[in-house]
Structure formats: structure tokens, C-alpha cells
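Engineer: Sequence:
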Amino acid sequence: MATYETPPEPRTVEISRASEWLTEGWQIFTAAPGVWVAISLVFLVINVLFSMIPGLGSLASMLLTPVLFAGLLECSRIVSAGGVLQFDQMFAGFRRNTGNLVMIGLITLGAMAVVAAIAFAIVFVGGGAGTLSAIQTGTTSGASIGLALGGLVFGALIGLLLIVPITMAWWFAPALVMFDGMAPLEAMKSSYMACLHNWVSLSIQGILVFVLIIIAAITLGLGLLVLVPVATASIFISYRDIYH
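In this note's numbering, the protein residues as written are -13 to 230.
Derived from the structure by calculation, the hints contain no laboratory data. Computed from a prediction, not measured in an experiment: that's the story for all the values here. Be aware that one or more of the hints could be misleading.
[As the list claims (entries may be wrong)] Now the in silico label distances, taken between C-beta atoms and shown as ranges:
(1) 230 <-> 203: 28 to 38 Å
(2) 203 <-> 38: 18 to 28 Å
(3) 139 <-> 81: 23 to 33 Å
(4) 111 <-> 72: 48 to 58 Å
(5) -7 <-> 81: 17 to 27 Å
(6) 39 <-> 206: 36 to 46 Å
(7) 46 <-> 1: 35 to 45 Å
(8) -2 <-> 33: 27 to 37 Å
A virtual CB, placed ideally from N, CA and C, is assigned to each residue, including glycine.
Produce the entire structure from the sequences given, and follow the hints as far as they go.
Structural biologist: In C-alpha cells:
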């Protein structure tokens, strides 16, 4: 897919496509299962290694996940076009538009920091109100504890709600940068609008993937070797449906 002079606009697709995205994702996986499992294994190992590095690992994961994900999307594109999948294609994001893909991670990191600050402020205000109540009454009453816990719960809920639009902005951004040459912020805005226009079908897709994650967990994680490529391919198919 080449860079377009006019960036593609998202369209609304039929809700029935949600399950078909996963079916077609499965077909992309079965076209080259051995290579896909190897790619999936390396992808998962990289993420485990990131998680083992305190602090910097999370930062590296946030910045490089769009790059790695773009590589998986490229693998999906190649197979869907009838090409031969090769292992090194999973690193395509390190060879094309790498800077802009990293920028998606940086923007996401900044947005998550703002969300964390808002959630912390709400928790702090609730905890402060509870502490003030305890000082005024001279005892740790149920009301003061309730204020503190209420602030904690409310802060967590607000944080979760604010993560939703960030996820929407991230969802198609790596594909738009990788395949359509969009600037990072432009891609994230377009991704948000695409998710907004197709929230029902994408929500169904997300629920189905969540169910598959539970099934994969039952297999002690071995199912992830299949789920990662199937889910990634389904996201590529949904991107192609909505944008092309």
C-alpha cells in the first residue's frame, strides 16, 4: 500500500463484518501457521523481556509496541495479498516510518500520563477529604473512610473511561502510518473517528477477542501463539474494510 496524496477517510461498515474479521484473520494465520507461530513467539518474548526491566521496560514497550505491531500488520498484508510470509517481515516497522511509529507511542505515553495525573488528583482529593474529616471529628469514622475509598474508586473509574478514547486513537494509527504515510497525530485522530463510526462492530470484535484470550489462558498461554496473529490479522482486515 502506498502513500496517498489525500489520506483515506474512514467509512462505516456492516456490523456483521465483526465476526468475519476474525474468520478472515484465522484464514491468514492458517496460510502460514509455522511462520506465524515463530513470529508470535518472538513478539511475546520481547514483551516479557520488557516487563522484566523495571521502569525503562514499560517505557520501551510503550514506544516500540506501535513499531512491532506495524510489523505484524505488514505480515498480515503480505499474506492477504497472496505473498509468501517470511520471519524477518515482522520487523518491517523498524525499516519503514519508524520515527512516526515511535511518535505514536510517545503521544500515547503523554496521554496516559495525563490520565494518571487526573486519576491521582481525584484519589488525592478524596483521600484528603477523608483525612480532614478524621481530623475534625478526632476519630477515623466510617464517613472519613468512605470518602477516601470513594475517591479511590471514582479515580479508578475516571481513569478507565479516559483510557477508552486513547485506545480508540491508537487502534488504527500504526496501520495508517505504516501503509498510508499519515503523520502520527493525524493518524490517531482518524483512528479515533473510525472507531467512533464503527463502535458497535469494533466492540463486538473486542469482546470476541477477549473471549479468545480467556480460552488462551486456559491453555497456559500456548493459545496466545495462535491468538496474536489471528487478532492482529483481524485488525488489519478491519482497517482495510474501513479505510480501503
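Engineer: Compare the structure with each hint and give your call.
Structural biologist: Verification of the hints:
no., hint, result
1, 230 <-> 203: 28 to 38 Å, "holds, 34 Å"
2, 203 <-> 38: 18 to 28 Å, "holds, 20 Å"
3, 139 <-> 81: 23 to 33 Å, "violated, 46 Å"
4, 111 <-> 72: 48 to 58 Å, "holds, 54 Å"
5, -7 <-> 81: 17 to 27 Å, "holds, 22 Å"
6, 39 <-> 206: 36 to 46 Å, "violated, 24 Å"
7, 46 <-> 1: 35 to 45 Å, "holds, 37 Å"
8, -2 <-> 33: 27 to 37 Å, "holds, 33 Å"
Of the numbered hints listed earlier, those contradicted by the structure are 3 and 6.
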